Amino acid sequence: MKTLLLKLEPLIWFMFGQGIMIGTMLLTGWILVLGILMPLGIVDPMNLNYVRAQQLFTTSLLGIPIAQLLLAALLVLPLWKGAHHVRSLLIDFGGGERDGIVGTVLYLIAIVGSVMGIGAVAGI
Amino acid sequence: MAGPAHPEAMAPPTPGRTRTAPPQMPSTWWSSPRIRTYLLFDATGIIYFFVGFLAIKIVGQLGEGPIAWQAQMKALENPIYIVFHVISLISVIFVAVRFFRLFPKAQPPAIGPAKPPPGPVIHAGLYVVWLGLTALISLALAGVIL
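If you read the sequences in order, they're chains X and F.
By our numbering, the letter at position 3 of the first sequence is numbered 3, and the numbering carries on one by one without gaps.
By our numbering, the letter at position 95 of the second sequence is numbered 1095, and the numbering carries on one by one without gaps.
It is worth saying that the hints were derived from the structure and are not from the lab.
Wrong hints could be hidden among the right ones.
To be verified - Subject to a maximum C-alpha distance of 20 Å in a straight line, what follows is the list of computed SDA-like cross-link-like pairs (lysine to any residue): (1) F:K1057 <-> X:A73; (2) F:K1057 <-> X:T104; (3) F:K1057 <-> X:M116; (4) F:K1057 <-> F:Q1070; (5) F:K1057 <-> X:L37.
Please read all numbers here as calculations on a predicted model, not as lab measurements.
Could you build all of it, start to finish, from the sequences and the hints given here?
Set out below in structure tokens:
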């Protein structure tokens, strides 16, 4: 397990890096509006009713489905930041003996979540 | 290529006359302010996990049709979700501020002939992109633009 994780380290770090950078940049506005301002009624939730949400999340630019790509990044990348940092946290508190299995489980959750996220975007 | 250094490589060949205790981590290691901030930075990973899976659920409901979407939007009005999102927003801002401060320091001095811009320029650039994207996404979701 540990050997496999070491071999996959460049890929894991790439996804983690994008998660912390792009994931953070995309999540801020999402959380602010969808998670706080709309539920509190500060922004009218009807501005993101079903029809408009469908239109917004399938917006294309020059034939590129830019909104779906951004949405996929928003759903997938934070999971990799989460997996890597939770792994790091567990090493700090629990030591490195079980890091092989713990890391593998966490990255598997991120992989499953990534597939679910891409599936959710494709299903719009 | 040389193998990894042995952890006892620098130990004397025979034990000294002075008895020494094995190294032990102090039980309060996590309470040092620097370590605490570092651990908090790592702990935001838990929030990112939850917020990522919640976002997947939200988008999944959009694919299920208008009734599921309206029900999902209504569910987000639950105070538990609102408190969770406030904690998430604080976490995301904390990660951004800390990571953007560290990012310029992690740049290589040069990539081939190209040298990265000075640290403050990279730092300011990251803030411009972050705040710009946040404004763009917020205005789009709120129905002000697009």
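Here is what the structure says about each hint:
At roughly 15 Å between alpha-carbon atoms, K1057 (chain F) and A73 (chain X) fall within 20 Å of each other, so this suggested pair holds. Between K1057 (chain F) and T104 (chain X) the CA atoms are separated by roughly 24 Å; this puts the pair beyond 20 Å, and the hint is violated. With a C-alpha separation of about 9 Å, the suggested pair K1057 (chain F) and M116 (chain X) falls inside the 20 Å cut-off, and the hint holds. For the suggested pair K1057 (chain F) and Q1070 (chain F), the alpha carbons sit about 13 Å apart, so the restraint of at most 20 Å is met.
Taken as a hint, the K1057 (chain F) and L37 (chain X) pair is honoured in the structure, with Cα atoms around 19 Å apart against an allowance of 20 Å.
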